[in-house]
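Given the structure of chain W, go ahead and fit chain D onto it with the hints provided.
Residue numbers (full-length UniProt numbering), protein chains in the order written: chain W, 1 to 225; chain D, 1 to 225.
Hint data in this document are derived by calculation from the structure and do not stem from the laboratory.
Treat the hints loosely; a few may be bogus.
A pair counts as met if it fits within one copy or between any two copies, since identical chains are not told apart.
[To be verified] The calculated EDC-like cross-link candidates involving lysine to aspartate or glutamate, where the alpha carbons are at most 20 Å apart (straight line), are:
| # | residue 1 | residue 2 |
| --- | --- | --- |
| 1 | Lys104 | Glu115 |
| 2 | Lys104 | Asp43 |
| 3 | Lys104 | Glu38 |
| 4 | Lys137 | Asp183 |
| 5 | Lys186 | Asp222 |
Chain by chain, the residues run as shown.
There are 2 protein chains.
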Amino acid sequence: MPTLVHHPLDPASRLIRLMCAEYGVPLDVEEIKPWLREPHLLDLNPAATLPILVTDEDVPVIGILASIHVVEDIYTLETVGGLVPTHPLDRAEMWRLVEWMLVKLNDEVTRYLVEEKIAKRDLKGATPEPSVLRAAKANLAEHMLYFNWLLASRKWLAGDEMTLADFALAAHLSTLDYMGDIDWSKAAETRDWYSRLKSRPAFRTLLNDRVVAMPPSKGYADLDF
Amino acid sequence: MPTLVHHPLDPASRLIRLMCAEYGVPLDVEEIKPWLREPHLLDLNPAATLPILVTDEDVPVIGILASIHVVEDIYTLETVGGLVPTHPLDRAEMWRLVEWMLVKLNDEVTRYLVEEKIAKRDLKGATPEPSVLRAAKANLAEHMLYFNWLLASRKWLAGDEMTLADFALAAHLSTLDYMGDIDWSKAAETRDWYSRLKSRPAFRTLLNDRVVAMPPSKGYADLDF
Chain W
1 MPTLVHHPLD PASRLIRLMC AEYGVPLDVE EIKPWLREPH LLDLNPAATL
51 PILVTDEDVP VIGILASIHV VEDIYTLETV GGLVPTHPLD RAEMWRLVEW
101 MLVKLNDEVT RYLVEEKIAK RDLKGATPEP SVLRAAKANL AEHMLYFNWL
151 LASRKWLAGD EMTLADFALA AHLSTLDYMG DIDWSKAAET RDWYSRLKSR
201 PAFRTLLNDR VVAMPPSKGY ADLDF
Chain D
1 MPTLVHHPLD PASRLIRLMC AEYGVPLDVE EIKPWLREPH LLDLNPAATL
51 PILVTDEDVP VIGILASIHV VEDIYTLETV GGLVPTHPLD RAEMWRLVEW
101 MLVKLNDEVT RYLVEEKIAK RDLKGATPEP SVLRAAKANL AEHMLYFNWL
151 LASRKWLAGD EMTLADFALA AHLSTLDYMG DIDWSKAAET RDWYSRLKSR
201 PAFRTLLNDR VVAMPPSKGY ADLDF
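The shape of chain W in the complex, shown without the other chains (with noise of 0.2 Å):
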């Protein structure tokens, strides 16, 4: 069995437990808090960042592109529904939304608010900044504007079949969904689109997540929400 080397409040980390759930890939899952830059991770990933998938064969499969590939080649099997969309054009629009997610929402949103409230409870006298925690959630605001008028027109974020794209923004949404940051009255179009995704059983296994000393915000294991 594959073991993924994670943060449960690592977006990235999560979208490869969300596909390997979904496709039926049993994980074993290894806790680690990349902010320490441990020997131990280093080692494995100088660039210190999640996920890190261990292969049956013992190989680390460091960071988020590889990992989603490897689990495409190795771990999925034929007889299950994709989340890659055939046709080609349909799989650049996908791409798009997953590097949207990956880079550009990780980096104005998620990974300032992991950092604030999440990391720097672990380094010593850090305390979240009030100035860094307002621009992520002014820039989240903007961020949740363009899913809703994304989801107004599309069944799935890129279009007609739910794709890793989906699965790359609830990822992201269900980590800031957790820490208590999104909104929920003024986005009612990814509302319906979420509530459609945490319904899945794939999603159950990030809904029991907990964090040390940091619940869940009310909702986050809701159905109903």
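Just chain D now, with coordinates in the frame of chain W:
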């Protein structure tokens, strides 16, 4: 013929230009300054990122991940030796390093130097911030040490074969070299590797680039630098 909407010094655009040149895919180019955030660009791509690859059927393919996959899926002739390894775990190492360049090297080095040195010339009253330039160059020195270390034991960046990872790093280094930011005297292994890449016919397209009122550094276009 597909058209690449690009900026000559945008490393992600350079990666697609290198890929297409290596694969023998003819490419029209249309230059744009993404930092001006013109309506024409925002209509195509609200993230205002490059590259955008417009297909023969006039469909815009947005962003670097989508463009890489479309070039691989649609425009690569089967007769041409590929830049993506056939074994899934070799591909994983390639994607780890592609992610390193697209995310880490870009975030810590290239995007700051391009913004300070190139973009700010077009933004009224903005001047390069010395502390940002210093931090980016200190980060670059650390990255170069890592590339030297990798290339001391590998023929190509991801192993025995030339892959997309080599082109992803070369795209960034060529932009940094244009701006005169690389100290080759401290990078013997990377210099040897870059010299091999620079001699390939595919690289010629980049070496003729000129940005108005900003000539390239001495040595930029020399094969013996």
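Legend entry - Identical-chain pair category, Lys186 with Asp222, by Cα at 20 Å: Within. Shortest intra-copy distance 18 Å satisfies the 20 Å Cα cut-off; inter-copy 56 Å does not.
Inset, instruction - Indicate which option fits the pair Lys104, Asp43 if close means a Cα-Cα distance not exceeding 20 Å: within, between, both or neither. - result: between (28 Å within a copy, 17 Å between copies)
Legend entry - Within, between, both or neither, where Lys104 and Glu38 count as close if Cα-Cα is 20 Å or less: Answer is between: at 19 Å across copies they meet the 20 Å cutoff, but 27 Å inside does not.
Inset, instruction - Give the relationship of Lys104 and Glu115 under a CA distance limit of 20 Å: within one copy only, between copies only, both, or neither. - result: Answer is both: 16 Å inside a copy and 17 Å across each meet the 20 Å cutoff.
Inset, instruction - Using 20 Å as the alpha carbon limit, work out where Lys137 and Asp183 are close: within a copy, between copies, both or neither. - result: within (10 Å within a copy, 40 Å between copies)
Violated hints: none; the structure is consistent with every hint.
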